[in-house]
Amino acid sequence: MDEFDQVLKNALEEKAPSGFTDSIIDKLVAKEQRQGIISPPPISGKGFIIFLLSLFVFTLISVSIPEDSVQSKYSIGKYVDRLLTGIHFQFTPSLKILVFSIAVICLFLIVDYVFRSRKMVQI
Amino acid sequence: MALNENQLIAKVKLGNTDAFRSIVDYYRDAVYGLSLRLVSNQMEAEELAQDTFLKVFKSISSYRGESKFSTWLYRITYNTCISHLRKNKPDLVEIQEYHGSSNFNSGYDNLMKEDNNEAIKNILTKLKPDDRAIIQLFYLEENSIKEISEITGFTNANVKVKLHRSKQKLKRMMEESGFNLERVFV
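The listed protein sequences correspond, in order, to chains A and B. Position 76 of the first sequence, counting from 1, maps to 76 under my numbering, and the rest follow consecutively. Position 55 of the second sequence, counting from 1, maps to 1055 under my numbering, and the rest follow consecutively.
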């Protein structure tokens, strides 16, 4: 490196303004927070309680389906059972509980997501 | 870098902002310097340097370690600034050439009043942005010709030619401005 190179090197040095790093981190955090609003978490706290209650109610319904539901004329379970047998599958009571639970979870997640997405659009 | 750069990068890939802060602290002067050299405006350079780091955080998962991290970082800086110049000052990118000493403050008297470094920076602004960037990357950041080629997208031969011509041009402009190199070392 000759004299000219050394002079040039010294002249090229620059210092970033004070607060430069903090400003970037602030922008980054703000950006992440915005993205957090745009893409909602998979489930909200309030929604989770609603979900548990729904699950409880649906489980009660599904358990209430008697083994011989065809003879049970006025049971809610009878209609549910008919619906299920309509798709030609033999459901044991425990399987019914499982199916209902999954159905409730899916339904809840869809409703919860749509609700919060609409809310975010308003924001 | 005191801490292992690869470890920091791995942490940043997991979204660790503290690790990212360390990277920003280490490279901020270099990125800001390169941005400033390209756009010749402090406000714009600061903004572009910040944009660069935000892009780095966002796309760091695409960094596979095939080149040095600094090369990857400078490439993002270079592209960000060149895009900005093309968008806002298209004339500067293609046309800005030195046509003698008549279009900037020249003369030994003026230079005497200025700090030597400021005088050189002033002369540097008369080069094309990509030539300035090559000078910055070569002399200050001490990148190799191959690395500068990766950063700017020019071929190795092109970088060598540009560097040589820019250096000659700078020397000529400095002489025409009455700049005395020996004075700097006194």
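Check before you lean on any hint, since a few could be wrong.
Said to hold, decoys possible - To spell it out: a stretch of chain A is covered by chain B in this simulated footprint if at least three of its residues, at any positions, have a beta carbon under 8 Å from a beta carbon of chain B; those stretches are:
id, region
1, 2–13
2, 17–24
Said to hold, decoys possible - The following residues of chain B were derived to be distant from chain A, with all beta-carbon distances above 12 Å:
id, residue
3, Gln-1007
4, Thr-1052
5, Ile-1082
6, Leu-1140
7, Ser-1144
8, Glu-1150
9, Phe-1154
10, Arg-1165
To be clear, the hints were calculated from the coordinates, so they are not data collected in a lab. All C-beta atoms in this analysis are idealised placements derived from N, C-alpha and C, irrespective of residue type, glycine included.
Going down the list of hints, with the structure as the test:
no., hint, in the structure
1, 2–13, "holds (count 10)"
2, 17–24, "holds (count 5)"
3, Gln-1007, "19 Å, holds"
4, Thr-1052, "9 Å, violated"
5, Ile-1082, "18 Å, holds"
6, Leu-1140, "4 Å, violated"
7, Ser-1144, "14 Å, holds"
8, Glu-1150, "20 Å, holds"
9, Phe-1154, "19 Å, holds"
10, Arg-1165, "15 Å, holds"
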